[in-house]
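Order-wise, the sequence lines are chains D and L.
Heads up, the first sequence is in my numbering, so the first residue is 10 and it goes up one at a time.
Heads up, the second sequence is in my numbering, so the first residue is 26 and it goes up one at a time.
Treat the hints as calculated values from the structure; they're not laboratory data.
This one's a predicted model, so the numbers in the text were calculated from it and none came from an experiment.
Treat the hints loosely; a few may be bogus.
Claimed, not checked - Computed footprint of chain L on chain D; a stretch qualifies when at least three of its residues, placed anywhere within it, have a C-beta under 8 Å from a C-beta of chain L:
id, stretch
1, 36-45
2, 90-101
3, 146-158
Unchecked claim - Examples of chain L residues lying across from chain D (beta carbon under 8 Å, computed):
id, residue
4, Val38
5, Ala42
6, Gly44
7, Tyr216
8, Trp319
9, Gly431
10, Leu434
11, Gly441
12, Glu448
Quick reminder that beta carbons are idealized off the backbone N, C-alpha and C, glycines included.
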Amino acid sequence: MAKSSPLADALNLTEKSTSAPEPAAEPVFELTNTDLFYEGRRIIQDLSLRIERGERVALVGQSGSGKSTLLKHLRSLTPAQAAWCPQHSGLVPMLSGYHNIFMGGLERHSGFYNLCNLLKPFAQPKAEIQRLADQLEIGQVLLNSVDRLSGGQQQRVAIGRALYQQRSIFLGDEPVSALDDFQADKLLSLVTHKHDTLVLALHDTDQALKVCTRIIGLKRGRVVLDAPSGQVSPQQLHELYR
Amino acid sequence: MSVCGPIKRHQPVRSSAAGLRQVSLWLVLLSLLCLFAADLDIRSADPSLELSRIGLGLLSPNFWSISEISSSAFNTLAFALQGVALASIAGFLLALGYRFFWLRAFCAFIRSIHELFWALIFIQLFGLSPLTGLLAIAIPYAGTLAKIYGELFEETDPAPRQNLLTSKGLSAFFYTTLPLAWQPLTQYTSYRFECAIRSSIVLGFVGLPTLGFHLETALGEGHYEDAAALLYVLLALVVSIRWWLKKALLPIYLVAAIIYLPPSAHISWDNIARFFCEDIIPAPLRQTGELNVWQQINSLGVWFEYLWRQQIWPGLSSTIVLSQIALLLTALLTLVLFPLNSKLFFTPSKRSLGDGLLIIARTLPEYLLAFIGLLLIGPSMLPAIAALAIHNGAIIAHLLGRFSDGIILRDDAPHGINRYFFEVLPRVYRQFLAFLLYRWEVIMRETAILGMLGIGTLGFYIDSAFEEFRFDRAMLLILCAALLNMGADFTARTLRRRLHLKTTPETI
Numbered sequence: 010m011a012k013s014s015p016l017a018d019a020l021n022l023t024e025k026s027t028s029a030p031e032p033a034a035e036p037v038f039e040l041t042n043t044d045l046f047y048e049g050r051r052i053i054q055d056l057s058l059r060i061e062r063g064e065r066v067a068l069v070g071q072s073g074s075g076k077s078t079l080l081k082h083l084r085s086l087t088p089a090q091a092a093w094c095p096q097h098s099g100l101v102p103m104l105s106g107y108h109n110i111f112m113g114g115l116e117r118h119s120g121f122y123n124l125c126n127l128l129k130p131f132a133q134p135k136a137e138i139q140r141l142a143d144q145l146e147i148g149q150v151l152l153n154s155v156d157r158l159s160g161g162q163q164q165r166v167a168i169g170r171a172l173y174q175q176r177s178i179f180l181g182d183e184p185v186s187a188l189d190d191f192q193a194d195k196l197l198s199l200v201t202h203k204h205d206t207l208v209l210a211l212h213d214t215d216q217a218l219k220v221c222t223r224i225i226g227l228k229r230g231r232v233v234l235d236a237p238s239g240q241v242s243p244q245q246l247h248e249l250y251r
Numbered sequence: 026m027s028v029c030g031p032i033k034r035h036q037p038v039r040s041s042a043a044g045l046r047q048v049s050l051w052l053v054l055l056s057l058l059c060l061f062a063a064d065l066d067i068r069s070a071d072p073s074l075e076l077s078r079i080g081l082g083l084l085s086p087n088f089w090s091i092s093e094i095s096s097s098a099f100n101t102l103a104f105a106l107q108g109v110a111l112a113s114i115a116g117f118l119l120a121l122g123y124r125f126f127w128l129r130a131f132c133a134f135i136r137s138i139h140e141l142f143w144a145l146i147f148i149q150l151f152g153l154s155p156l157t158g159l160l161a162i163a164i165p166y167a168g169t170l171a172k173i174y175g176e177l178f179e180e181t182d183p184a185p186r187q188n189l190l191t192s193k194g195l196s197a198f199f200y201t202t203l204p205l206a207w208q209p210l211t212q213y214t215s216y217r218f219e220c221a222i223r224s225s226i227v228l229g230f231v232g233l234p235t236l237g238f239h240l241e242t243a244l245g246e247g248h249y250e251d252a253a254a255l256l257y258v259l260l261a262l263v264v265s266i267r268w269w270l271k272k273a274l275l276p277i278y279l280v281a282a283i284i285y286l287p288p289s290a291h292i293s294w295d296n297i298a299r300f301f302c303e304d305i306i307p308a309p310l311r312q313t314g315e316l317n318v319w320q321q322i323n324s325l326g327v328w329f330e331y332l333w334r335q336q337i338w339p340g341l342s343s344t345i346v347l348s349q350i351a352l353l354l355t356a357l358l359t360l361v362l363f364p365l366n367s368k369l370f371f372t373p374s375k376r377s378l379g380d381g382l383l384i385i386a387r388t389l390p391e392y393l394l395a396f397i398g399l400l401l402i403g404p405s406m407l408p409a410i411a412a413l414a415i416h417n418g419a420i421i422a423h424l425l426g427r428f429s430d431g432i433i434l435r436d437d438a439p440h441g442i443n444r445y446f447f448e449v450l451p452r453v454y455r456q457f458l459a460f461l462l463y464r465w466e467v468i469m470r471e472t473a474i475l476g477m478l479g480i481g482t483l484g485f486y487i488d489s490a491f492e493e494f495r496f497d498r499a500m501l502l503i504l505c506a507a508l509l510n511m512g513a514d515f516t517a518r519t520l521r522r523r524l525h526l527k528t529t530p531e532t533i
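Input sequences plus hints: build the corresponding full structure.
Put into structure tokens, the structure is as follows:
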């Protein structure tokens, strides 16, 4: 594993969370001629894909093109290394933002510790999560129940939960869809600072070009575009949505 | 671990859980307070011997007296069928006028008196006759069904009705409201039928010829093999309802039930007249002529004061104490057991096994469970509390487990204890409280009844009053029990509204 002290790394904004030197080509994901199914229907056909450590990949394409199915599959390949920020946030409505974010770190503690923390937050996670929430700009409402928050605030809590998983890979399915451009950029740069590898499904192509180093365009379950961000033309992106 | 200091914030914390937490805390505190006042001693020297005999009996059930078993099983079914049929007709008619306060109050009153108390009253009027059993079930059930039907009618979507030229009148009702409410209405009625079988069994304990009658005899005399056979028949009867209770067959069942057990009785009008005009009049008011009005009122006061001190207050307080402890234990048991019937925690095969256990536990009437408990460890509140908690806990756990199936967890949701406390419990807690508050009134009603087994709740004093032919006292005590239940019903409903818990009827 690349990470030595996950907490310190995850909360450090100025450096990337991995400090270990990387070999030139270490694939994080490698798929060859893969078909993917959802509820019995074939969504992705004959996919070959290689994503290396350090890449920031944007999946773009119309809704129904297979972005979510691909992301789900990537997560199932690396359940222990990938932070997961699904489209349907799956927040527990009556619990506070604090507890929802803490849920990202449940595996790091014993069941007993988690239970006590549910009754009364411990100082250490509380301080960690408060700092994280301040960065996400929900520090003021952290103790409110999630169902009393606005849609944008709820999405920040969901991102907070994914960040608190403290993994090196971040898989996000439209993680900032409920936020305006300015806020979305801020949050995405926070996410990129805390993970070395990113795969994001994004409907906003400008955002994808700004944040990611590589664009993968999907159309009807096939990869029709795969290029570094700098080499993608507006025409190519336009083509995807026709 | 220390807890960190106050964090900066400008707005007050807005929590959806705070109200639920507060009510839970009060319920727990109240129950713990009651725990100090309760008599939880175990009297019997060693229940293990009796327990092993019961275990042996369960392993070697004796079905030899098959005619006795089958006739009492048919009687049980006949009472339940006729009772629910009459109750659903009466309840339906009452529900049509459910917007009138006095009708609602009337329904609340008749359902606040337990089947067994109604039976004790009707035994004085009609003896141990089929009519007594029928009325004892039909009257309180009519009150319950009227409430549920009435609420279902109110909850229907008003749009179809508003589209009519005239939204009032019976035609509008039959074309819009009734079809909209029909499905939950029949579902609830068939659930009440299951309850009626339990009620019918319990009526055997006061002498009607149902399974309960033979169960009491067999258990009381220690013939556990016979008791086991009856118990298995009882379980089979209730568990198999879903297979044989079909809408198309209902009329046939009903006609058969009426032919098998015609609701008749030797009616002695003198007897009935004496009961109403003499027996239930408070004793001090019966000696007319000798005393003037003021003296009569005075002696009535003395009579009431004596009863309050000797029977009503002790009965009321121990009913409240016991039911409160039972409520807490029911709640705990529910929270432990509901994962048994949830796909979030068990694979389908293990889950159906778990739900089977819950169904068996809820099928046994609490009165029967308490009776067995008392046989084992002697008169104490403990078996009564355990019986109430097992029966009601299993019912709520079954429903809550089914409710939890509706939760969709995200792919990386935790497992085990973390899943229970972080993902599932917060999501089902509101519904859990709603179910629990629904059962509160039921638990209170049952607690009063368990007194008839020798624990000092209201039922004990009511039973004694009937045994001593002091019907005036019995009526006053039954009235007190009814008021207590109506109070619990009212409090629970107010709490449900305040907490924004679902107030529509559930199949519980």
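Inset, instruction - Using 8 Å as the Cβ threshold, decide whether Tyr216 (chain L) counts as touching chain D. - result: Because about 29 Å separates Tyr216 (chain L) from the closest Cβ in chain D, which is outside the 8 Å limit, the hint is violated.
Inset, instruction - Hold the hint about Glu448 (chain L) up to the distance rule: shortest CB distance to chain D must be less than 8 Å. - result: holds, 6 Å
Legend entry - Per-stretch coverage check for the stretch 90-101 of chain D, three Cβ contacts closer than 8 Å to chain L: holds (count 6)
Legend entry - chain L over the stretch 146-158 of chain D, status - at least 3 residues with CB closer than 8 Å: Per the Cβ count (9), the hint holds.
Legend entry - Given hint Gly44 (chain L) near chain D, where the shortest CB pair must fall under 8 Å: Constraint on Gly44 (chain L) not satisfied, violated at 10 Å.
Inset, instruction - Classify the hint on Gly431 (chain L) as holds or violated, based on whether any CB of chain D lies nearer than 8 Å to its CB. - result: Violated: closest Cβ of chain D sits about 14 Å from Gly431 (chain L), beyond 8 Å.
Legend entry - Status of the Ala42 (chain L) interface restraint (C-beta, 8 Å, chain D): With a closest approach of 5 Å, the Ala42 (chain L) hint holds.
Legend entry - Restraint outcome when Val38 (chain L) is required to lie within 8 Å of chain D by C-beta distance: holds, 4 Å
Legend entry - Stated coverage of the stretch 36-45 of chain D by chain L [criterion: 3+ residues, CB within 8 Å]: violated (count 0)
Inset, instruction - Hold the hint about Leu434 (chain L) up to the distance rule: shortest CB distance to chain D must be less than 8 Å. - result: holds, 6 Å
Legend entry - Hint validity - Gly441 (chain L) Cβ closer than 8 Å to any chain D Cβ: Nearest chain D Cβ about 7 Å off; hint holds.
Legend entry - Per-residue hint verdict: Trp319 (chain L), partner chain D, C-beta under 8 Å: violated, 61 Å
Violated hints, in rising order: 1, 6, 7, 8 and 9; the structure is consistent with all others.
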